[in-house]
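*Asks:* Chains as they are written, first to last, in this note's numbering: chain A, 1 to 156; chain B, 1 to 502.
Please keep in mind that the hints were generated in silico from the structure rather than gathered at the bench. These numbers were taken from a predicted model, which means no experiment stands behind them. Be careful, since some hints might not be right.
What the hints assert, rightly or not - Examples of chain B residues toward chain A, derived with CB under 10 Å:
no., residue
1, Ser19
2, Phe177
3, Thr194
4, Ile200
5, Ser201
6, Phe204
7, Pro348
8, Arg392
9, Cys403
10, Ala413
11, Val424
12, Tyr427
13, Glu450
14, Arg461
Beta carbons: idealized from backbone N, C-alpha and C, even for Gly.
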Amino acid sequence: MRIRSGQDIATGLLFLAFGLAAYWIGADYPMGSPQRPGTGVLPRILAWCLMGTGAILCAKAFLADGTALTRWAWRPVIMTTLATIAFALTVDNLGLVVSMLLSMTLCALGTPETRWREYAIFCVLMVALGVGMFIWGLRMPIPVWPVSLPGALSWN
Amino acid sequence: MELGSLFSNLSLGFSVAVSLQNLFWCLMGAVIGTAVGVLPGVGPTATMALLLPATYFLPPEGALIMLAGIYYGAQYGGSTTAILVNLPGEASSVVTTLDGYQMARQGRAGPALAIAALGSFFAGCVATIAIVLAAPPLTRLAQQFAPADYFSLMVLGLVFAVVLARGSVIKAFGMIFLGMLLGLVGTDVNTGNTRFTFGISDLFDGIGFVPLVMGVFGIAEIMANLTNPQRRDLVDAKVSGLLPTKEDIMRSIAPVLRGTFLGGLLGILPGGGAVLASFSAYTVEKRLSKTPEKFGTGMIEGVAAPESANNAAAQTSFIPMLTLGIPSNAVMAMMIGGMMIHGIIPGPQVMEQKPGLFWGMIVSMWIGNLMLVVLNLPLIGIWVRMLLVPYRLLAVAILFFCCIGVYSLNNSANEVLIIALFGVIGYLLMKLECEPAPLLLGFLLGPMMEVYMRRAMLLSRGDPWVFLQRPLSLTFLAIAVVLLLFVILPNVRRARETAFQE
């Protein structure tokens with residue numbers, strides 16, 4: 001027996017893990033009565049279904065040829081995620097301008113294709129658009145510039 | 001069917017759709033749709049997800065008219081790049097590249113574009129009429145549904161989505177279950193208990209639809225597209241002479257009619273939609289043709305049929321969403337999301353309670369199609385120029401719009417963190433070749449199914465046989481089982497054969 005599809009086994013294990021977790025977390029949800037099904041009924045059913053699909057996929061990975069796992073592109077994934085997180089953590093305290101510059105630059109670092117001069121011009125345009133459209137136009141309650149340094153240091 | 005009420009409905013729709021404001025939103029939708037259709041790597045689903053928060057600021061009619069416009073606009077835009085640059089802007093125009101690009105290389109880009117646009121327009125008109133005719137009877141039928149019927153119908157819908165989905169059936173099932181689980185996160189409305197919230201107060205109201213789709217469709221797509229940067233060699237696409245010859249038109253009539261019919265039919269089925277329609281229409285034309293070997297060398301039939309089919313399907317896929325409140329694909333899920341943002345609960349009651357919205361949206365589709373013909377043919381040069389914007393810049397812009405869009409929903413930065421999480425999950429699922437559409441359908445339908453299941457069980461005093469005793473419910477479930485057997489049996493046989501070969 002050997003694994004004939006890395007992709008199938010990975011997907012199967014993922015589904016199994018989600019199913020097990022759902023079963024475990026939902027173990028103490030009340031099941032109610034047949035007439036009044038409780039909070040736990042559907043989670044329990046879905047947990048079984050997910051574990052079942054996961055098991056079938058794992059079995060299939062041994063029985064039939066399939067796609068192997070392809071390489072995970074770390075750079076764009078990490079940089080894009082960091083960019084999103086950076087926006088979330090800074091926008092309330094450091095204001096839209098700083099937050100945009102930070103998150104967009106992190107995103108631009110996600111690809112080796114970025115040409116920095118072109119990016120700089122684009123960045124200025126985007127910040128102008130962002131402030132103009134969302135703060136002046138739609139009047140969203142976001143500060144344009146950093147509020148205060150102590151406030152900026154305690155994320156909340 | 002009473003013709004009188006049909007006309008009064010349509011005229012009500014017209015009065016809503018031609019108001020200056022709604023015409024503007026229709027145009028906006030059509031223009032944005034064409035733009036994202038032209039740009040590969042930016043699809044209508046992601047765009048609608050991006051714009052969902054913005055629709056909060058619009059009146060509900062304008063919001064839905066614009067969102068609908070993005071979808072069918074993308075079908076037009078996708079064909080333009082397919083023909084001119086051999087790059088399908090959308091998955092639904094992949095087959096158009098086969099013959100469309102060959103025609104362009106022979107200097108016949110003009111006729112190909114014209115036939116694609118006119119065929120799409122024709123299909124759009126027919127499909128709009130189909131919606132008008134099908135909606136009232138279906139709505140009446142839906143009003144007689146008991147909770148058990150609804151539950152079974154949703155099961156059938158999900159099974160359809162799995163059967164027609166691209167790729168692995170088992171994975172599609174897993175994605176549906178996963179989506180339903182995600183949909184259950186938060187407070188259980190019936191009992192007040194919280195589920196899967198890990199004590200995080202931001203999750204007590206459940207995972208928002210917008211953060212979920214922005215993560216899975218927006219952020220994850222940025223990650224995927226930055227990984228495989230596309231080389232876009234812009235051929236010098238000079239379009240001279242838009243007018244098709246008489247022969248082109250004669251050869252296209254039958255394919256357009258067949259494409260419209262096939263597309264319209266496939267569009268209604270859950271999980272169908274534009275992609276399946278265009279592929280099937282191309283296959284049918286090739287089968288029927290006397291010269292099948294010439295397909296792929298610039299046959300106008302190979303452009304006319306799939307382009308009509310994808311547009312017809314794009315439109316008729318609104319039927320189950322409008323009448324039953326059941327989304328049949330990811331785009332319709334967005335439409336439902338758009339309705340819910342405005343506090344409209346999708347379902348058969350929409351037609352009665354909001355006739356202006358309902359008929360206005362349908363009529364706006366016809367107007368939007370007209371706008372698209374006018375927009376697309378003369379402005380093709382501008383659309384192609386858009387391909388010059390490199391993805392490395394688009395990615396930055398999309399990222400910003402995702403973040404600010406989600407933030408604007410509740411002015412909450414924590415929701416932006418949720419899209420970061422779903423971005424990674426979305427990328428992981430993409431790597432595992434799990435289609436995100438079934439996940440979305442499960443997410444929307446899961447909580448609804450729970451509500452109907454509970455009502456049905458309450459009405460039947462705890463007797464689960466109710467799902468098999470009501471004729472409608474039994475029919476839906478029976479069809480679902482038959483469909484499942486159809487897909488599973490060949491798979492099992494194939495798996496056994498390969499296993500025995502060892």
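*Asks:* Run every hint past the structure and note whether it holds.
*Replies:* Right, here's what the structure says about each hint:
1. Evaluation of the Ser19 (chain B) hint against chain A yields a violated restraint, the C-beta minimum of about 23 Å exceeding 10 Å.
2. Hint status for Phe177 (chain B): holds, given a least beta-carbon distance of 5 Å to chain A, under 10 Å.
3. Annotation: Thr194 (chain B) was flagged as interfacial toward chain A, and the flag holds, the nearest CB pair being 9 Å apart, inside 10 Å.
4. The interface hint given for Ile200 (chain B) is broken, as the beta carbon of that residue sits about 13 Å from the closest beta carbon of chain A, more than 10 Å.
5. Annotation: Ser201 (chain B) was flagged as interfacial toward chain A, and the flag is violated, the nearest CB pair being 13 Å apart, outside 10 Å.
6. At its closest, the beta carbon of Phe204 (chain B) sits 14 Å from a beta carbon of chain A; the interface hint therefore is violated under the 10 Å criterion.
7. Against a cut-off of 10 Å between C-beta atoms, the interface hint on Pro348 (chain B) is violated, since the closest Cβ of chain A lies about 24 Å away.
8. Annotation: interface hint on Arg392 (chain B) holds; nearest CB of chain A at approximately 5 Å, less than 10 Å.
9. Because the smallest distance between the Cβ of Cys403 (chain B) and any Cβ of chain A comes to about 4 Å, under 10 Å, the interface hint for this residue holds.
10. Hint status for Ala413 (chain B): holds, given a least beta-carbon distance of 5 Å to chain A, under 10 Å.
11. With its C-beta approaching chain A no nearer than about 6 Å, Val424 (chain B) sits inside the 10 Å limit, and its interface hint holds.
12. Taking 10 Å as the C-beta contact cut-off toward chain A, the hint placing Tyr427 (chain B) at the interface holds, the least distance being around 6 Å.
13. This hint holds: Glu450 (chain B) has a C-beta 5 Å from the nearest C-beta of chain A, less than the 10 Å allowed.
14. Hint status for Arg461 (chain B): holds, given a least beta-carbon distance of 5 Å to chain A, under 10 Å.
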